[in-house]
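Protein chains: 2
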Amino acid sequence: MAKKDKEFVKEITPQSEDYSQWYLDVILKAQMMDYSPVKGCMVIRPYGFTLWENMQQGLDRRIKETGHRNAYFPLFIPESLLQKEADHVEGFAPEVAWVTHGGNEKLAERLVVRPTSETIICEMYSRWIQSYRDLPVLINQWCNVVRWEKVTRPFLRTSEFLWQEGHTAHRNEEDAQEETLKMLEVYRDFVENDLAVPVVTGQKTDNEKFAGALRTYSIEALMSDGKALQAGTSHNLGEHFAKVFDITYLDSDGELKYVWQTSWGVSTRLVGAIIMVHGDDRGLVMPPKVAPTQVILVPIAPKKVREEVLPKVAAIYEDLKATGVRIEMDDREEYSPGWKFNEWEMKGVPLRIEIGPRDLENGQAILARRDNGEKETVSLVDLKERINTLLAEIQSNMFAKAVAFREENTHRTDDYEEFKKIIEEKRGFVISRWCGNSECEQAIKEETKATIRCIPFNQEEKPGPCLRCGGTSDRLAYFARAY
Amino acid sequence: MAKKDKEFVKEITPQSEDYSQWYLDVILKAQMMDYSPVKGCMVIRPYGFTLWENMQQGLDRRIKETGHRNAYFPLFIPESLLQKEADHVEGFAPEVAWVTHGGNEKLAERLVVRPTSETIICEMYSRWIQSYRDLPVLINQWCNVVRWEKVTRPFLRTSEFLWQEGHTAHRNEEDAQEETLKMLEVYRDFVENDLAVPVVTGQKTDNEKFAGALRTYSIEALMSDGKALQAGTSHNLGEHFAKVFDITYLDSDGELKYVWQTSWGVSTRLVGAIIMVHGDDRGLVMPPKVAPTQVILVPIAPKKVREEVLPKVAAIYEDLKATGVRIEMDDREEYSPGWKFNEWEMKGVPLRIEIGPRDLENGQAILARRDNGEKETVSLVDLKERINTLLAEIQSNMFAKAVAFREENTHRTDDYEEFKKIIEEKRGFVISRWCGNSECEQAIKEETKATIRCIPFNQEEKPGPCLRCGGTSDRLAYFARAY
Numbered sequence: 017m018a019k020k021d022k023e024f025v026k027e028i029t030p031q032s033e034d035y036s037q038w039y040l041d042v043i044l045k046a047q048m049m050d051y052s053p054v055k056g057c058m059v060i061r062p063y064g065f066t067l068w069e070n071m072q073q074g075l076d077r078r079i080k081e082t083g084h085r086n087a088y089f090p091l092f093i094p095e096s097l098l099q100k101e102a103d104h105v106e107g108f109a110p111e112v113a114w115v116t117h118g119g120n121e122k123l124a125e126r127l128v129v130r131p132t133s134e135t136i137i138c139e140m141y142s143r144w145i146q147s148y149r150d151l152p153v154l155i156n157q158w159c160n161v162v163r164w165e166k167v168t169r170p171f172l173r174t175s176e177f178l179w180q181e182g183h184t185a186h187r188n189e190e191d192a193q194e195e196t197l198k199m200l201e202v203y204r205d206f207v208e209n210d211l212a213v214p215v216v217t218g219q220k221t222d223n224e225k226f227a228g229a230l231r232t233y234s235i236e237a238l239m240s241d242g243k244a245l246q247a248g249t250s251h252n253l254g255e256h257f258a259k260v261f262d263i264t265y266l267d268s269d270g271e272l273k274y275v276w277q278t279s280w281g282v283s284t285r286l287v288g289a290i291i292m293v294h295g296d297d298r299g300l301v302m303p304p305k306v307a308p309t310q311v312i313l314v315p316i317a318p319k320k321v322r323e324e325v326l327p328k329v330a331a332i333y334e335d336l337k338a339t340g341v342r343i344e345m346d347d348r349e350e351y352s353p354g355w356k357f358n359e360w361e362m363k364g365v366p367l368r369i370e371i372g373p374r375d376l377e378n379g380q381a382i383l384a385r386r387d388n389g390e391k392e393t394v395s396l397v398d399l400k401e402r403i404n405t406l407l408a409e410i411q412s413n414m415f416a417k418a419v420a421f422r423e424e425n426t427h428r429t430d431d432y433e434e435f436k437k438i439i440e441e442k443r444g445f446v447i448s449r450w451c452g453n454s455e456c457e458q459a460i461k462e463e464t465k466a467t468i469r470c471i472p473f474n475q476e477e478k479p480g481p482c483l484r485c486g487g488t489s490d491r492l493a494y495f496a497r498a499y
Numbered sequence: 017m018a019k020k021d022k023e024f025v026k027e028i029t030p031q032s033e034d035y036s037q038w039y040l041d042v043i044l045k046a047q048m049m050d051y052s053p054v055k056g057c058m059v060i061r062p063y064g065f066t067l068w069e070n071m072q073q074g075l076d077r078r079i080k081e082t083g084h085r086n087a088y089f090p091l092f093i094p095e096s097l098l099q100k101e102a103d104h105v106e107g108f109a110p111e112v113a114w115v116t117h118g119g120n121e122k123l124a125e126r127l128v129v130r131p132t133s134e135t136i137i138c139e140m141y142s143r144w145i146q147s148y149r150d151l152p153v154l155i156n157q158w159c160n161v162v163r164w165e166k167v168t169r170p171f172l173r174t175s176e177f178l179w180q181e182g183h184t185a186h187r188n189e190e191d192a193q194e195e196t197l198k199m200l201e202v203y204r205d206f207v208e209n210d211l212a213v214p215v216v217t218g219q220k221t222d223n224e225k226f227a228g229a230l231r232t233y234s235i236e237a238l239m240s241d242g243k244a245l246q247a248g249t250s251h252n253l254g255e256h257f258a259k260v261f262d263i264t265y266l267d268s269d270g271e272l273k274y275v276w277q278t279s280w281g282v283s284t285r286l287v288g289a290i291i292m293v294h295g296d297d298r299g300l301v302m303p304p305k306v307a308p309t310q311v312i313l314v315p316i317a318p319k320k321v322r323e324e325v326l327p328k329v330a331a332i333y334e335d336l337k338a339t340g341v342r343i344e345m346d347d348r349e350e351y352s353p354g355w356k357f358n359e360w361e362m363k364g365v366p367l368r369i370e371i372g373p374r375d376l377e378n379g380q381a382i383l384a385r386r387d388n389g390e391k392e393t394v395s396l397v398d399l400k401e402r403i404n405t406l407l408a409e410i411q412s413n414m415f416a417k418a419v420a421f422r423e424e425n426t427h428r429t430d431d432y433e434e435f436k437k438i439i440e441e442k443r444g445f446v447i448s449r450w451c452g453n454s455e456c457e458q459a460i461k462e463e464t465k466a467t468i469r470c471i472p473f474n475q476e477e478k479p480g481p482c483l484r485c486g487g488t489s490d491r492l493a494y495f496a497r498a499y
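Sequence lines, in order, name chains A and B. Residue numbers 17 to 499, in the numbering used here, belong to the letters of the first sequence in order. Residue numbers 17 to 499, in the numbering used here, belong to the letters of the second sequence in order.
There's no promise every hint is true.
One copy or two, it doesn't matter: identical chains are merged, so the pair holds either way.
Unchecked claim - Simulated crosslink set (DMTMM-like; lysine to aspartate or glutamate; CA at most 20 Å straight-line): (1) Lys80 to Glu69; (2) Lys166 to Glu121; (3) Lys465 to Glu401; (4) Lys122 to Glu95; (5) Lys400 to Glu344; (6) Lys328 to Glu441.
Source of the hints: derived by calculation from the structure; they are not laboratory data.
Looking at chain A on its own, in the form it has when it is part of the complex (with noise of 0.2 Å):
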């Protein structure tokens, strides 16, 4: 059987060599994903999935507390609601997938696989809201959405992928204003604080908005390879579907007025970030708060005195997972501990504790950091609360870290020759000014490559050049090639 000869485990291509292969062979090898045999959809093995699951309880509990409630709505949307709001069913109609029969009939009217879910809920609020009293609507929903992409890469573009969408309504147009900015707020909180992944905030350019949006913003990630990465986007719709659909309520003023509406979301796209941002020649490092596994203890245990030190070790391990670390106990004796460490660190374990029979005979333990290398003895009496004083510190350290190497690699320059330089030979965020003019954007684009990731809320200069047509800029723009 040939399949049965295909070796999965291979030696990881350094970062140097090769970035994209680095990537394929870290999460192929730590079984985060795997190909399938649909073109463009991946398979989220259960490392990865339980990685995905951990960041979705931090960023449910955040869409929470800010008084939004989680709904489903259907994976379909008939072909007509699709093509309601102009600029939407443009952005969207290209790269769809169409449903065109059920069973073994023809569909009278053909189905999309939801891209995005914005028509089909905007008519169900057509429905739902009638005064204001019924304002706001707050809605999100976590499901899987298809978008036919050509060229797929795991995680970061996938035909299928999952993720949340908000869907909000408001009686105005601050109410929805100021949704939007407190969703990419959440978003900016959950990324940089749970993911360690620092990003910059701010608002896209046109040529860059939501298919439909009145104003999009988002949080922009850095990459290890120096290209950037959109994190997250939370836009105000405005009333363009409100209008197409419908959607009035009848004021305390006793007027009937058109909803303002909001979306937003994050995606499995996330997981890519942490593996850029964080990642390494030795493979994952993942973030403390959402790791899998947090802890992994490894007893030091040779043949002649395994019976003696395993169950020891495994008492250890019960206490310790008793106090809601997410611990993993690696005691398979076809492995020496080497193997064990090297796997474990592939993997990204953030911590490491070994104990042998000579640690047992003084009462303590080793503890490895996978951020940094670090060992370091503690003893049994402290290991719990050094456990937790140290889950905390890598996370500070892995951001600290991540926001250092973001500082060395933006740049800032109003010069165009030298702006092509560095994304050319350094890569990394460029801030420039620009003059607003989206030709302008077109042309830096394609003579470069970089694009406006976005236009920081941090406009603290004063009005200069355009980058490239030295027309008066009164904005900087954060440049970048991105994935």
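Please build the complex by placing chain B on the supplied structure of chain A, with the hints as guidance.
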């Protein structure tokens, strides 16, 4: 705008008048769901979805405690994969949705929107499983599935529904059978303890087993109209799929063997069971363990004392909320207490707290139970403890009531005339002897619309004559008309 005139809040049809209409009235009025523009697909609104989230939590915990991990497999299955297992394709092909185009291009091979994931998961298992050391594989998936149903009913049978599907692979028949029954027991424990829905467990007949399975087991519940509902199934798939998908492993004896597999699932159909087992003419009755809101606090605050009463009641509310109970406070000014009582009863909230100015003076609150309407006065000092005690009491009382109803509506006869009369007039479960012949089973179904729900594990009686043919029967079966 005609749509705005639609009145979603209508009275509830009594169960005795029209049970089906009662069901639809209740779920629409309680905002559990709404119809969608896609035929056969519903929207699960926040109140219904929160119930589902609470159910997921209880079941997911049990699935993980028994050693399983979650993963995610693609929504789409290539036609050629679906067709590999003959019984399986015969069972599912007539009811699948077909994707024929991606973007503007026709696909080279049609894709099925998963009706269940055995085939695509088997394809992956054949890559992942090499050695006996890789076994067992214990994976579960929470996802949406699509079956193109001709006749649909919200929650009970919809074209798209949400479920979990477990898929496991084992070394031999014994391990697979053990897993199959273990998960059936997990379902029984979850449904009886968390949903307060009593079930009968047993094996399905060959006619009723899963397409492709060796043996199917199910849990069967009795709705309050006397019809049965299959509430969950667990399948021993034997080596059927392993043989067509070539899932082999090298055993410790050096031989290449096929794995034995299982699959098992429950779905949003269980929401329908909760509604139909516990609901009454005043609306829903939610089991406390999964109720979206466990306690509703209604301040009784006439206008002139409102400003004095509300802050005090709000403080009690915050205090109770901090204990972790799922409590809400209804301090809306525009509705009377009586209106609120009716609404929250209709939504099935297990426990209501009323606190008015005189109660505050006396340091007390009034508690009202949804399950039996009993009211009591409780000192504010004892409130927290009393709430916990009452929620537990309500949970067990609801279960006991449902068990009593099932007992009253379970009949034992081997007389076919009596059988027909019971099925026609009283419904409920009828336990009768069956010879094991599927022609008899089929004839009974045609003549009475009753099907064999399961062959219970408990077979205490001696052999006797088959209900219909009079031939020797060594088994009792549970018959009922079913959803």
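Hints versus structure:
1. When the C-alpha separation of lysine 80 and glutamate 69 is checked against a cutoff of 20 Å, the pair qualifies both within a copy, at 16 Å, and between copies, at 13 Å.
2. In the homo-oligomer, the alpha carbons of lysine 166 and glutamate 121 lie at most 20 Å apart only across protomers (11 Å), although the nearest pairing inside one protomer, at 29 Å, exceeds that limit.
3. For the homomeric pair lysine 465 and glutamate 401, neither the shortest alpha-carbon distance inside one copy (49 Å) nor that between copies (64 Å) is at most 20 Å.
4. With identical chains, the CA atoms of lysine 122 and glutamate 95 are at most 20 Å apart both within one copy (14 Å) and between copies (17 Å).
5. Taking identical chains as interchangeable, the C-alpha atoms of lysine 400 and glutamate 344 lie at most 20 Å apart only when both belong to the same chain, with a minimum of 14 Å there against 37 Å between chains.
6. Taking identical chains as interchangeable, the C-alpha atoms of lysine 328 and glutamate 441 are never at most 20 Å apart, the minima being 55 Å within one chain and 65 Å between chains.
When held up to the earlier numbered hints, the structure conflicts with 3 and 6 and fits the remainder.
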